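Relying on the hints, combine the two individually framed chains into one complex.
Protein chains in written order, with our numbering: chain B, 1 to 366; chain X, 1 to 288.
The set of hints was computed from the structure by calculation and includes no laboratory data.
A portion of the hints provided could be inaccurate.
[What the hints assert, rightly or not] Straight-line alpha carbon distances no greater than 16 Å define the calculated EDC-like cross-link-like pairs of lysine to aspartate or glutamate that follow: (1) X:K242 to B:E120; (2) X:K227 to X:D189; (3) X:K106 to B:E174; (4) X:K255 to B:E120; (5) B:K89 to B:D191; (6) B:K262 to B:D241.
[As the list claims (entries may be wrong)] What the simulated footprint calls covered on chain B by chain X, stretch by stretch (three residues with Cβ under 8 Å from a Cβ of chain X suffice, anywhere in the stretch; the number is not a length): (7) 81-91; (8) 248-258.
[Unchecked claim] Per the computed footprint, the stretches of chain X lying under chain B, defined by three or more beta-carbons under 8 Å from a beta-carbon of chain B, are: (9) 3-14; (10) 144-157; (11) 175-186.
All values reported here derive from a predicted model rather than from experimental measurement.
C-beta: ideal position from N, C-alpha, C; glycine also.
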Amino acid sequence: MNLYEYQAKELFRKYGIPIPSGKHVDSDSDLVWDRYPVVVKAQVLTGGRGKAGGIKFASDGKELQEKGKEILAMSIKGLKVRSLLLEEKLDISKEYYLSVTLDRSSKRPIIIASTSGGVEIEDVPDSKIVKYWIDPTLGYSSFVGREVSFKLGLSPEESKQVQDILAKTFVLYEGYDCELVEINPLVVLKDGRILAGDAKIVIDSDSLFRHRDLTENPAERTELEELAYKRGYALVELGGDIGVIANGAGLTMATLDGLTLKGLKPKNFLDLGGSDDVEKVVGAFQILKEAIIRGILINIFGGVTHCDTVANGIAEAKKRVGIDVPIVVRLSGVNEDLGRKILKENGIDAYSDMMDAIREVVEVVK
Amino acid sequence: MSILVNEDTRILVQGITGHQGSFNSIQMQKFGSNVVAGTSPGKGGTEVSGIKVFNTVREAMQERPNATFISVAAPYVLDAAKEAMYSGIDLIYILTEKVPYQDTMKIVSLANKLGKKVVGPNGPGVTSPFSCKLGIMPNQIFKKGNVGVISRSGTLTYEIVNQITTNGLGESTVVGLGGDPVTGMNYIDALDEFKKDEQTLAVAMVGEIGGTAEEEAAEYIKSRFNKPVVSYITGRSAPPGKRMGHAGAIISRGKGTAESKVKALEEAGVRVASYPYEIPELLKEVLK
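Isolated chain X, as found in the complex (with noise of 0.2 Å):
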């Protein structure tokens, strides 16, 4: 099995006609997801790539969709997801960046309530190769395997998605979890449910500077999970107050810092890479 998408996901997309949502529903079609509708407010009654396309998310459940893949604009994005939670969907996936981040803090929130789940904003989404897609992570990198990825970027989580695959090795499910301060997965939530999966055998972590998610992290595989883990953090070199492309990868107040974070990942046998291109050759060592 694999995480969080497989076979049986039933994606709709929400903003379809704007250049992201149709570009990534082609791509995840391609990919062999199942992209069942869209919405589009005022375009309902057309088609994008053979997809319905619907006014109102209550009107797209006809086509039962489970997850919803949000490319609204940034204000736009509480909205969405509200809309998607009252219609049931229980699946959330937000592309969209540069979400204030308290919406952000509002959406999780009620999901956590009513017990959804959301990834992202601002992350490449989640892939199971090659059961489904939702998201926006290029189709040519991925080969079916047990290794799970957790990252918070995009780009560099393709990079050591290839670097894996292009060393013999696999992905069970690759989850990004975006690079806001404020966001919906986490790590931990990443790492319980590759805890519980079968054919995940070993995870690798890639984080950034910025919070201490990495750091709670590290707790939790020193107490809690059963799977060997290697890591890459990223942000070593940047300097403390500023932004560094990510809203969230920011060492504010001495907090965040790259070195606290591979202190506390090492700490709990956790294999930390000093380059990106050393994860394949940590994961064989662990998956001997």
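The following block holds chain B by itself, in its conformation from the complex (with noise of 0.2 Å):
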């Protein structure tokens, strides 16, 4: 899940990392400021926002509200901008980057830090790019830090701030079992203070359980994928025309893969998972009533979910939610028989092999 900038200051600041001082607003009559100039800056989860017109300065009352108000009805890169970060506006002389991420190769944290801050980290040679592994079960200590800031070659009074910021970045990082926390820029000003200019935090949704104080923002996922969530059902939209309903994550893959060979466009990622209900395939049924689509394809292998539960779901959707595209069902697997039979009571004769199956959606969306 991934933090806007004003949430994921919010943490900094409960952490001890210096942030500039700054308001959170999210409408007009709120747009007020003590002492300017002002940075105006959209919250939005993309990025890219200020060379999309979403970070802008104001230098009294009159400009604010014209630029807030101008930047609230804004949407970036499709993204509504719903409320906005005020903050003071910094003498920069420098700009830094720091992160703490996962890095899946070694399945243990990274530290990353530059003194080439303020670009995207992956345009940064890797020579001035210092790397550092945390071992999980030792955790971080203080000389990581110390190391990191000779190798970043830092200034005693600088190396003393950021071995600080690195420090309480790394209990930040494991506190909210975030995937990655991500200060770029990290800022270092004209009087010599260093703090986060600008801060990204995505949180590892699984996590959830143990951080009751953050809920899911709803912003990142379509109206379609909005609904699917609610109702439990792990869905991705993908924009195509083909309804795809699967179980499991590898199989379902394989089916949108499967259809887009066959030169069609999937709508949908939906995984049944391992469910073994009926109403939980006409849930499915029934979302994806609300998408606009020329077709489904069912493509199940039963393990744990059994064929037969499907048919039936199949079956009971047939009737009670009204599906008025073709339908095509793959079923193998476990109860396979009893399941082909239970389709062919309600007038559907479902195939055994999924490639029969995608090239039957071929020939009944042409």
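Written out as structure tokens, the structure is:
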């Protein structure tokens, strides 16, 4: 789960990581500030908001009103700007980079630091990047901060502050089960103080049970995804016009790939998961009924999910949901014969081979 | 022989009285696995399908388990894995999905230090037909044979194992690594086991988008593996930045695309299928 900058900075404040003085604003009437100039920053969950006009400066109250309203009315990369962060304008002398994230290859947290900040870290040459891997059982210790600071070649005054920020960032990374804590830029002011100019935090969604203070940001989901999420389905909207229901993430992806290789465009990823419940199947159809599609492909390899359960679900959905596009079914695995019989009684011939079913979809939507 | 599990594997089920725990204990018994004990705090002294239930793993050790099947809820997985490791169990399989990855990282890091093996979380486990199944794969899709299978998926693994079986081939051991961004065993660990296994003559490697484990496996296959490998990679049509069901199946910052994996594997001499059903044909060719 991605946090907005203002949410990330609230966590920074909680953990003692220095940030500019600021204020979160979500309506025109709150567009007031006491010490100008002020920076007005759009709160959206996408990069490149500066280039898109989502960051502006205001030198007095009137300008703040104008620019604030203007940005609040914007959409950036298709995402509506719902709120703003007002912040003191900083006297910047240098921009550094600091992050803690998961390195999947080594299965360890990695600290990434650079004195070339303010740009995407992917664009910084390796020679200017310091990386440090943390052993999850040994954890973080002060020497790591010293080592990173020495490698960055910081002055003693800067080194002291960066070590402090890094230690706190790591505690936050662990404390909130983050996938990423990124400070870019880490700003060095003309008076020598160092603070977090921007803040990006991604939280492991699977850890939310122990972070009750956080709620999911619905802005990350499309309407169809939000509907599915509320009803407990794993759905990703892809934009095509063939509805897909399958079981298991891998098989669902393989189904999408098969359709795509045959020149069709899937509307969605929808994984029934490891359930064996007629209503779960009916519910999947109820979600797809809200989507504009030309056909539905159901691809089931029965294991935990039994084929007869799915067949009963499809039969129920035909009666109760009222789907008016062609439905193609593939059933294989546990209770396959029983499932096929149930479907036959309901006027559906199920395939046992996934490729035959995909070819049939190509035919029926012609 | 097979890898990881065989007729000497004695299984403990942590969380045996839960729905998944009891259902799968019975399924494992039906497959022929030796399920020797279960735990469920507060329910010690009871039985599930003739399997003795204990309050703690320490107590359950009197039945001499050497592998565990963990199916407790996600918040308790780290604790359950530690309990198993403290008690001296060497092979830890975690079924549970949605385990926070920082917990998994701690489990894996501890296991590496203690010389334990971890399979999962969020995967279907390990099956060696028909000596032992430690996990949840459907019993009826297997046939004993010479193909080792490694996969990050569940259902897609069954699909491909079924294809292998119905096309007249068979499996030595099938390993489901799990769909999370951090898992215990990865492809290289499993390949390393298959390398030493005389029963295994070829390996089918099922991969998916996210991370770089397939690319790293390709490097290993190129320089250090001794048997033919065929592969299928899913998620070619997945958009970047979207989590495709599995927490680990996400293309982020340009990394983890299917193209990159296919390319790396092909450069390592691996035949990569376009569709799952091509896997048996490719296996027959490399086994000639």
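So, going through the hints one by one against the coordinates:
1. X:K242 to B:E120: With a Cα-Cα distance of about 20 Å, the restraint between K242 of chain X and E120 of chain B is violated, given a limit of 16 Å.
2. X:K227 to X:D189: holds, 15 Å
3. X:K106 to B:E174: holds, 11 Å
4. X:K255 to B:E120: holds, 15 Å
5. B:K89 to B:D191: At roughly 14 Å apart (the allowed maximum being 16 Å), D191 of chain B and K89 of chain B satisfy the hint.
6. B:K262 to B:D241: Holds. K262 of chain B to D241 of chain B sits at ~14 Å (cutoff 16 Å).
7. 81-91: violated (count 0)
8. 248-258: n = 10 at 8 Å, threshold three: holds.
9. 3-14: Since 0 is below three, the answer is violated.
10. 144-157: Since 7 is at least three, the answer is holds.
11. 175-186: Result for this restraint: holds, n = 3.
Checked against the numbered hints given earlier, this structure breaks hints 1, 7, 9; the rest are met.
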